[in-house]
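Colleague: Sequence:
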Amino acid sequence: QMGLSIPDATLRMPETMPCTEASFFGIVIQIQSQAGGNLSEALGNLSRVLRDRKKMKAKVAALSMEAKASAAIIGALPFIVAFLVYLSSPAYLMPLFNTSVGNLILGCSAVWMSIGILVMRKMMNFEV
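Residue numbers (the numbering used here): 8 to 135.
Do not take every clue at face value.
[Stated by the list, open to error] Think about it this way: if two alpha-carbon atoms lie no more than 27 Å apart in a straight line, the pair counts; the simulated DSS-like pairs of lysine-lysine are: (1) Lys75 to Lys61; (2) Lys129 to Lys66; (3) Lys61 to Lys129; (4) Lys129 to Lys75; (5) Lys62 to Lys75; (6) Lys129 to Lys62.
No wet-lab data here; the hints were simulated from the structure.
Note that the structure is predicted; figures quoted are calculated from it, not measured.
With the sequences and hints as input, model every part of the structure.
Modeller: Here it is as structure tokens:
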């Protein structure tokens, strides 16, 4: 006899094709060869699970994009409002740039904006 048995070959398949689907397939074939049972039903269940995983990943990606768009809008609002205030009455914002207290406020605002961006990134980037 040459080569590997089908269960062993499918278990080693993720080594050459590294994806979770290949790993699941190998595990299902291995279990079916040891325990017996209806292989077509097991493969049907596997295909349903894989389809559901794909749908869930697509849904998570859509929700993540919605959160990213909301974060971009919320992040841009302070700058837009400051620009509009500057256009309407420039003297109102000048103390932020001309005084040490104003510079401190701008610095603290920049730090808090950076922290908010980092937190939003951590919240939006996750695996399913």
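Colleague: Taking the hints in turn, state whether each one holds.
Modeller: Do the hints match the structure? See the list:
1. In summary, the hint linking Lys75 to Lys61 is supported, as the alpha carbons are separated by about 21 Å, within the 27 Å threshold.
2. Note on Lys129 and Lys66: the hinted pairing holds, with a Cα-Cα distance of about 18 Å set against a maximum of 27 Å.
3. Annotation: proposed proximity of Lys61 to Lys129 holds, straight-line Cα distance about 22 Å (limit 27 Å).
4. Straight-line distance between C-alpha atoms of Lys129 and Lys75 comes to about 11 Å, which keeps the hinted pair within the 27 Å bound.
5. Distance hint between Lys62 and Lys75 is fulfilled; the C-alpha atoms sit about 20 Å from each other, no more than 27 Å.
6. Annotation: proposed proximity of Lys129 to Lys62 holds, straight-line Cα distance about 23 Å (limit 27 Å).
Checked against the numbered hints above, the structure breaks none of them.
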